[in-house]
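Chains as they are written, first to last, in our numbering: chain D, 398 to 750; chain U, 1295 to 1547; chain A, 161 to 228.
Since the hints were derived computationally from the structure, they do not count as laboratory data. There may be inaccurate statements among the hints.
As the list claims (entries may be wrong) - Per the computed footprint, the stretches of chain D lying under chain U, defined by three or more beta-carbons under 8 Å from a beta-carbon of chain U, are:
(1) 445-453
(2) 467-477
As the list claims (entries may be wrong) - Listed next, with one range per pair, are the computed distances between beta-carbon atoms:
(3) 169/A to 1543/U: 46 to 52 Å
(4) 1513/U to 588/D: 49 to 55 Å
(5) 624/D to 1297/U: 47 to 53 Å
(6) 1446/U to 597/D: 46 to 52 Å
(7) 1546/U to 169/A: 40 to 46 Å
(8) 628/D to 1308/U: 31 to 37 Å
Each residue gets a CB set at the ideal place from its N, CA and C atoms; glycine is no exception.
Letter by letter, the chains look like this.
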Amino acid sequence: MSDKILMKGNEAIAEAAIIAGCRHYFGYPITPQTEIAAYMAKKMPKIGGTFLQAESEIAAINMVYGVASAGKRVMTSSSSPGVSLKGEGLSYLAGSDLPSLIVNVQRGGPGLGGIQPSQSDYFQSTRGGGHGDYHMIVLAPASVQEMAELTVKGFELADTYRMTAMILADGTMGQMMEPVSLDLDVKPAPEKPWATTGTGMAREHNIVNSLSLVPEELEELNFKRYDRYKVIEENETMYEEYKVEDADIVLAAFGIAARVSKNAVDEARKMGIKAGLIRPITLWPFPKAPFKAAAEHAKAFISVELNMGQMIEDVILATESKRPVTLCNRAGGMIPDPKQVLNSIIEVNGGIQ
Amino acid sequence: MAVVFDKPHALIDVPLHYCPGCTHGIVHRLVAEVIDELGIEGKTIGIAPVGCSVMAYNYFNCDMIEAAHGRAPAVATGVKRADPENHIVFTYQGDGDLASIGMAETVHAAARNENITVIFINNAIYGMTGGQMAPTSLVGQVTQTSPYGRDPKACGYPIKVCEMLSELVGPEYLERVTVNNVKNVRNAKKAIKKAFQNQIDGKGFSLVEVVSSCPTNWGMTPKQALDWIDSDMLPYYPLGVYKDRSAEQKEAE
Amino acid sequence: MAKLTFKTDNCKGCSLCVYACPKSILQIATDKINKKGHHPAECIDMEKCIGCASCAMMCPDCIIKVER
Chain D
398 MSDKILMKGN
408 EAIAEAAIIA
418 GCRHYFGYPI
428 TPQTEIAAYM
438 AKKMPKIGGT
448 FLQAESEIAA
458 INMVYGVASA
468 GKRVMTSSSS
478 PGVSLKGEGL
488 SYLAGSDLPS
498 LIVNVQRGGP
508 GLGGIQPSQS
518 DYFQSTRGGG
528 HGDYHMIVLA
538 PASVQEMAEL
548 TVKGFELADT
558 YRMTAMILAD
568 GTMGQMMEPV
578 SLDLDVKPAP
588 EKPWATTGTG
598 MAREHNIVNS
608 LSLVPEELEE
618 LNFKRYDRYK
628 VIEENETMYE
638 EYKVEDADIV
648 LAAFGIAARV
658 SKNAVDEARK
668 MGIKAGLIRP
678 ITLWPFPKAP
688 FKAAAEHAKA
698 FISVELNMGQ
708 MIEDVILATE
718 SKRPVTLCNR
728 AGGMIPDPKQ
738 VLNSIIEVNG
748 GIQ
Chain U
1295 MAVVFDKPHA
1305 LIDVPLHYCP
1315 GCTHGIVHRL
1325 VAEVIDELGI
1335 EGKTIGIAPV
1345 GCSVMAYNYF
1355 NCDMIEAAHG
1365 RAPAVATGVK
1375 RADPENHIVF
1385 TYQGDGDLAS
1395 IGMAETVHAA
1405 ARNENITVIF
1415 INNAIYGMTG
1425 GQMAPTSLVG
1435 QVTQTSPYGR
1445 DPKACGYPIK
1455 VCEMLSELVG
1465 PEYLERVTVN
1475 NVKNVRNAKK
1485 AIKKAFQNQI
1495 DGKGFSLVEV
1505 VSSCPTNWGM
1515 TPKQALDWID
1525 SDMLPYYPLG
1535 VYKDRSAEQK
1545 EAE
Chain A
161 MAKLTFKTDN
171 CKGCSLCVYA
181 CPKSILQIAT
191 DKINKKGHHP
201 AECIDMEKCI
211 GCASCAMMCP
221 DCIIKVER
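Next up, chain D with everything else stripped away, as it sits in the complex:
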């Protein structure tokens, strides 16, 4: 067991990225994730890496596209309005099958919104974010330790499947300080024979490209990409179950909402209500199986979210509408407190028996 150090969530992401071998970071200042950029600005020059404050979010994501094309681990980070700007780049990264890690420390929206924590980019992240048919692997940490671990995991998944992995955190997770072990297990990056690093006059030229003007060929590319997504759904779905086995009421929550929900589950149990929690760790692929299984015994589901109800749609789909699913939420940068969640549980349960 290695020593733990006290770190902010944002800093844990930055340090874990460096441990994962990322030596290129491009970003643009935006609250509440700027600590990542500041950390990288301090660290990268000392370890021979690149920190560059780009002229815009658009430029930053395209710098990521450049480094990813050259086959190196690379990342950018931002918060909700900035991620919208990156949407174009995310689509091109997907279309060119390039691996990269993107961090979204969400804040309330839409528009400029606020700077307080939110989960209102769930749709944007899990459905792609930019134009076209594609997905990103979306990882939702619920502790500072997970901020670090999922960053490493994100790089690995991105390289393995040649796609973008996104850390979907929120302002609380980014700012929260917790003890972290940085004894992280990092697997070596795979070979990238497709990368544009110069032919060395020893091979055919490599092309990184998302343009395909022949509809049959473009369709084939999409089919192949979705075959890969299927493999990811089968092999990489992650979630945590908490007291679900005998639960009558199952909560669904990720990130900070899951921490609050866990407390509410314990409180409900004390009152004799059999509550449980399924915490998706991958939001895409969404862990459908545990929800489907829980729908066999649970009476009802509650989706606890920091938005107007986005993940709830996936819960309804995963439970195949067999049980009622209600929403327990706050929006605009507010976090539901355990009492609100507990009240939801009691209400759905039809009171305390």
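Guided by the hints, dock chains U and A onto chain D, whose structure is given.
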């Protein structure tokens, strides 16, 4: 007999998709000749974003990247910084790409003196989409989206990219050339070679603006288009070196 | 003594080579049609060619090989 002129190795032996008489082909060849002469094909990575040259990846023998509209200088920044010692990086961009949608990326790459080579094709029109007004379309120029001629009251004046960037402290080298006759083609090649040599020497951001023709969308024959460069384009876009920091420093010494 | 070789099937008949030739020995062959459907460029008097490569330098499609 000795071969005195043939297709350069860095240019792939396939038909180009460009319209008859389009000078893109000439500039492609010049870039390829320079890559050959400098012996850098094996370490060169080219980036062609959206525009007529979006399929340049089919034409250059070096590694190639297709980028989003206007974003090539940012992508180039990433590729260059991924391995500054071993990557020679060039972008190949049109006027809509470089001076309109990608203006921020252009200006900031220049301001950072990013060690890349930018080939900028200024033909005063959006070619790929069928001839719309470009940021460099001349006052009075008739295009699909300025059917009564570009009216400066409504849409301002064409942007002189070399002049504008020359006000920045950052960039190393800015030159405007054209390819409308043999002599100018020779000069254009010299400028392109210098822009690549600067990168090899670590001098920084080098941009060559090539005043080019678009016979199809200008509604001219290829020859008329080359003549129009002389009569209409060059008076507004004078040829010449707009910045050459190393030469200026040498002179000052 | 010089020799021009045209990759005729890639010619688009733009005639930029014709205007570039200082000896006026190139023309667009209006009696021929290549695979692309263009009238291709041709040399009508190779004896007069000085191998200056002006035609090749102006050719946007890189179809002319010059030997001298």
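Subject >> Coverage criterion applied to the stretch 467-477 of chain D (partner chain U; beta-carbon cut 8 Å; 3 residues) >> reply: holds (count 4)
**OP:** Given the hint of 40 to 46 Å, check if residue 1546/U and residue 169/A actually sit that far apart at their C-beta atoms.
**Re:** violated (54 Å)
Subject >> Supplied distance hint 46 to 52 Å, evaluated on CB atoms of residue 169/A and residue 1543/U >> reply: The hinted range 46 to 52 Å holds for residue 169/A and residue 1543/U, with Cβ atoms some 50 Å apart.
Original post:
Within 31 to 37 Å or not, the Cβ separation of residue 628/D and residue 1308/U?
Top reply: Holds, at about 35 Å.
Subject >> Annotated coverage of the stretch 445-453 of chain D by chain U, confirmed only when three residues or more have a Cβ within 8 Å >> reply: With 5 residues close enough to chain U, the hint holds.
Subject >> 49 to 55 Å as the expected CB spacing between residue 588/D and residue 1513/U, which holds or is violated >> reply: holds (51 Å)
Original post:
Taking 46 to 52 Å as the hint, is the beta-carbon distance of residue 1446/U and residue 597/D inside that range?
Top reply: The hint (46 to 52 Å, Cβ to Cβ) holds, given that residue 1446/U and residue 597/D are roughly 50 Å apart.
Original post:
Measuring from beta carbon to beta carbon, are residue 624/D and residue 1297/U in 47 to 53 Å?
Top reply: For residue 1297/U against residue 624/D, whose Cβ atoms are near 49 Å apart, the range 47 to 53 Å holds.
Going through the hint list in order, the structure does not satisfy hint 7, though it satisfies all others.
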